[in-house]
Amino acid sequence: VISERSPLNDPSLAFSTDCRLPDPDACFTLLTEACRDLDATQGHLLHAQLVLLLANHIGDPRVLRGAIEVAREGLDLPAVASVICAA
Amino acid sequence: MRTNIGAEARGTAADSLYLACGGMQMHSSVRFSYVRPPDLELRQPRRVPIVIAGAGLVGLTLALDLALRGVRTIVLEARDTLAEGSRAIVFAQRSIEILMRLGLGARMLEKGVGWKLGRVFYKDREAFSFDFQSEAGYGCPAFINIQQSYIEQWLVEACEATGLVDLRAQNRVAGIERHAQSTSIDVDTPDGRYALICDWLVACDGARSFVRSTLQLPLVGKMFHDRFLIVDVEMDPGFSAERRFWFDPPFHPGHAVLVHKQPDNLWRVDFQLGPDADPVAERQPERVAQRLRAMFGDALPFTIDWISVYTFRCRRLERFVHSRVVFAGDSAHEVSPFGGRGGNGGIQDADNLGWKLAAIVNHGAPASLIRSYDEERLFAADENILNSTRSAHFISPESPAVEVLREATLRLARHTPLGRALVNSGRLSRPAMLQDVGQFGHDAQAGALRPGTPARDAPIECEGQAGWLMHYIGRKGFTVLLYADPAKIEAGMFGLAARSGPPVIEAGTFDTADRSGYPVEVIVVSPVEPRPASDATRAMPVLWDRQGLVARRYGLQAGNAVLLRPDQHVLDAFPAVDSEALGAAIERALDMCQPAVLMEGAQ
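If you read the protein sequences in the order shown, they are chains Y and H. In this text, residue positions in the first sequence follow this note's numbering: the first is 1, and each later residue adds one. In this text, residue positions in the second sequence follow this note's numbering: the first is 1, and each later residue adds one.
Keep in mind that the hints are not guaranteed to be accurate.
Unchecked claim - Pair by pair, the computed Cβ-Cβ distance ranges are:
hint : chain 1 : residue 1 : chain 2 : residue 2 : range
1    : Y       : R62       : H       : A195      : 57 to 63 Å
2    : H       : K222      : Y       : E33       : 41 to 47 Å
3    : H       : R125      : Y       : E33       : 44 to 50 Å
4    : H       : R293      : Y       : T32       : 45 to 51 Å
5    : H       : P253      : Y       : D37       : 24 to 30 Å
6    : H       : R125      : Y       : R62       : 33 to 39 Å
7    : Y       : D37       : H       : L117      : 36 to 42 Å
8    : Y       : R36       : H       : R552      : 50 to 56 Å
Since the hints were derived computationally from the structure, they do not count as laboratory data. Predicted, not measured: the structure shown is a model, and the values here were computed from it. Backbone N, C-alpha and C fix where the C-beta goes; we use that ideal spot for every residue, glycine too.
Could you build all of it, start to finish, from the sequences and the hints given here?
Here's what the structure looks like:
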C-alpha cells in the first residue's frame with residue numbers, strides 16, 4: 001500500500017525526511033536487533049537486502065532516487081550524475 | 001592468429017585459438033570460390049545500385065532479402081571462407097521468423113537446438129529457473145541455438161539460388177570515396193584492383209569495419225575490461241537444452257559461467273575470468289581442460305573444439321546512415337554477448353533495411369526513406385546497448401559495494417520473486433517495439449496491437465491444414481490482414497474493388513502499381529469456419545482463426561484490418577477496410593506522399 005504522501009500520488013512532493021515513524025526508537029531497535037549478531041560482511045548483505053525489499057515495496061523509483069540523494073549527502077558525496085533508470 | 005567473435009552473440013573478440021581436432025571438424029570452413037571479377041577489364045567503373053561490404057550474417061541476410069525482392073547486389077568479402085568458430089549461437093524468435101521469411105526456417109528448426117528455459121545457479125545450488133515462452137501458440141521456439149556458420153552457409157546457398165547476388169570472395173574493399181548521391185569503391189583482388197560506383201554502400205563489415213574506420217566515424221559508448229574465456233566443447237554432460245548460468249559456483253569461485261547446448265554434440269562454455277586474467281595463458285588448451293574438468297568432473301570425456309578469450313564493448317555509431325553509406329550489424333553497434341543481442345540485432349537491421357532499399361532502387365521511393373532505418377535501428381540499438389550494459393554491470397560488479405548489492409540480490413532470488421526479477425544474467429534478445437519512432441506513430445486503435453510492434457504469430461487453419469499466421473505475413477511485401485467472415489466479403493464491399501483509380505484489390509493484391517508497384521497482399525482471417533470462396537475472395541488466402549488467438553493477439557473484431565510493413569511490423573490498425581486510408585498509409589510508409597512542392601525539392 002502506497003502512502004498518500006508518496007510522490008507517486010504527488011510527483012511535485014520532494015522526498016520526505018521528516019520523521020514519519022510513530023515510534024522511532026522502536027523502529028531503530030527493530031533494525032539493530034536484526035543485525036546485532038552479524039559480522040560486517042553479513043551486516044552489509046542484510047542491509048542491502050533490506051534496501052532492495054523496501055525499494056520494491058515502495059515501488060516508485062523516484063522515491064528511491066530521493067533516498068539515494070539524501071544517503072549520499074550523509075557521506076558528503078555529490079548526487080549521482082546520471083542514473084540509467086526508467087523512472 | 002585467427003580472430004573470432006564469441007559467446008551468445010558477437011561480442012568483440014580478443015585472440016582465439018581454433019583447434020583442429022582429428023575426426024569431426026565442427027566449424028566447417030565453407031569456401032567461396034574466387035572468380036576473377038569482370039570489372040578488372042573495364043576502363044570505366046561500373047555503376048550499380050547496391051554494394052554490400054561483408055558476407056557475414058548481416059550482409060548475407062540483407063543480400064538474400066533484397067534478392068527475394070528482385071534487387072541485385074554485389075557482396076564484397078575479403079576472405080574466401082566463412083568466418084570460423086561458432087560466434088553467435090543463440091537465435092531469438094524474431095530472428096527465426098525473419099530467417100523463416102527468407103526460406104531458412106525448416107533447416108533451422110531441423111538442425112538447431114530449440115530451448116526456452118533459463119536456469120540460474122548461485123554458489124552450489126539452483127536459485128531459480130524461468131520460461132522465456134510461457135504462452136503456447138507460436139510457430140517458432142523462443143530460441144534456437146545453432147552455429148552462425150550454418151546460417152551463413154545456408155544464406156550463401158540461398159543467395160546463389162536467386163541468381164541476383166554477385167558474391168565476390170577475396171574482394172577486399174580498399175578505398176571509399178563518398179559523393180552526394182553515390183559512393184566510389186576501390187576493390188583489391190588477387191588479380192589487382194578495380195573500381196565500382198554504387199548508389200548505396202551497405203557496410204556489414206563487422207566490429208572492425210573498414211568502411212567505418214575509413215570514413216573516420218567515431219563510436220560512442222563504453223568499454224568493459226572483464227575478460228571472458230569461451231570454449232566450444234564436444235561432450236555429453238547430460239544437460240537438457242536449457243540456458244545455464246552460474247554465479248560464483250564452487251568449480252569457478254568468484255566468477256560467472258554460462259553454458260549453452262549447440263547442435264553436433266557441441267557445448268558452449270563461457271567462463272568469466274576477471275580483468276586481470278592473462279589472455280595468452282588462459283588460451284592454453286591444458287589450462288582450459290583443467291577448468292572443464294573442475295566443472296564437469298574428471299570422468300567426462302571431452303574434446304575442445306574452439307577457444308577464445310575476449311572482452312566486449314557496448315557502443316554505437318552516432319548515426320547509421322551517412323549520405324549514401326549505410327551501416328548494419330556490428331559495424332554500427334557492439335554489445336556484450338550476454339543476451340544474444342549482437343547477431344539478433346544485426347538480423348533485425350537487415351530486416352528493416354531490405355524492403356526500404358528495394359523500394360528506393362526498384363519502386364521509385366525517395367532516398368529520404370532511408371531516414372526511417374536510421375531512426376528505427378538507432379532506437380533498437382540503444383535498447384540493446386542499454387540492456388546489454390545493465391547485464392554487464394550485474395555480471396561484472398564494478399566495486400566491492402556493488403558486489404554486496406549483487407550478492408544481496410542473488411540471496412533474495414532463492415526465495416522471492418523480487419530477487420528473481422532483479423538478477424540479471426543477460427536479458428535475452430527481444431524484438432524492439434518501435435513506438436513513436438521512425439514511421440510509427442503512437443496513435444493506435446483502442447485495443448489493437450500498437451504500431452511498431454512486430455507481427456505476432458498465431459495458429460491458423462488454411463483449407464483444412466493447420467498452419468501459422470506468420471507464414472503469410474510479409475511474404476510478398478505489405479500485408480493487409482482483413483479480419484472478416486469471407487462470406488460477408490463481396491466485390492465492392494468495403495469500397496475495395498469498386499473504386500476507380502488505385503489502390504484497388506485485384507487478384508488478392510492491393511495494387512499500388514501506378515505509384516510504386518510495391519506488392520501488397522490481402523489475407524482474410526476468418527473468425528468462423530470459412531465456406532467455399534466467393535468471387536470476391538477467391539484470389540485471397542483465407543485463414544481460419546479457429547482458436548481465436550489472431551483476434552486476441554492483434555486485438556481484432558470482425559471488420560477490422562491491420563496493415564503490416566514488409567518487415568512484418570504493424571504499421572496501423574483500421575476499424576474497417578478503407579482502401580483510401582490503406583493506400584495513404586502505404587504511400588506514407590514508402591515516403592511517397594510528400595506534397596508536390598516538396599517532391600520537386602527533394603533529391
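Here is what the structure says about each hint:
1. A C-beta distance of roughly 58 Å is found between Y/R62 and H/A195, which places it inside the suggested range of 57 to 63 Å.
2. Roughly 42 Å separates the CB atoms of H/K222 and Y/E33, a value that falls within the hinted 41 to 47 Å.
3. Checking the proposed 44 to 50 Å range against H/R125 and Y/E33 shows it is violated: the Cβ atoms sit about 29 Å from each other.
4. Restraint check, H/R293 to Y/T32: a C-beta distance of roughly 47 Å satisfies the suggested window 45 to 51 Å.
5. Distance hint for H/P253 and Y/D37: a CB-CB separation of about 26 Å, consistent with the stated range 24 to 30 Å.
6. Taking the beta carbon of each, H/R125 and Y/R62 are about 36 Å apart, inside 33 to 39 Å as hinted.
7. For the pair Y/D37 and H/L117, the supplied restraint of 36 to 42 Å holds, since their beta-carbon distance comes to about 39 Å.
8. At about 54 Å, the beta-carbon gap between Y/R36 and H/R552 stays in the expected band of 50 to 56 Å.
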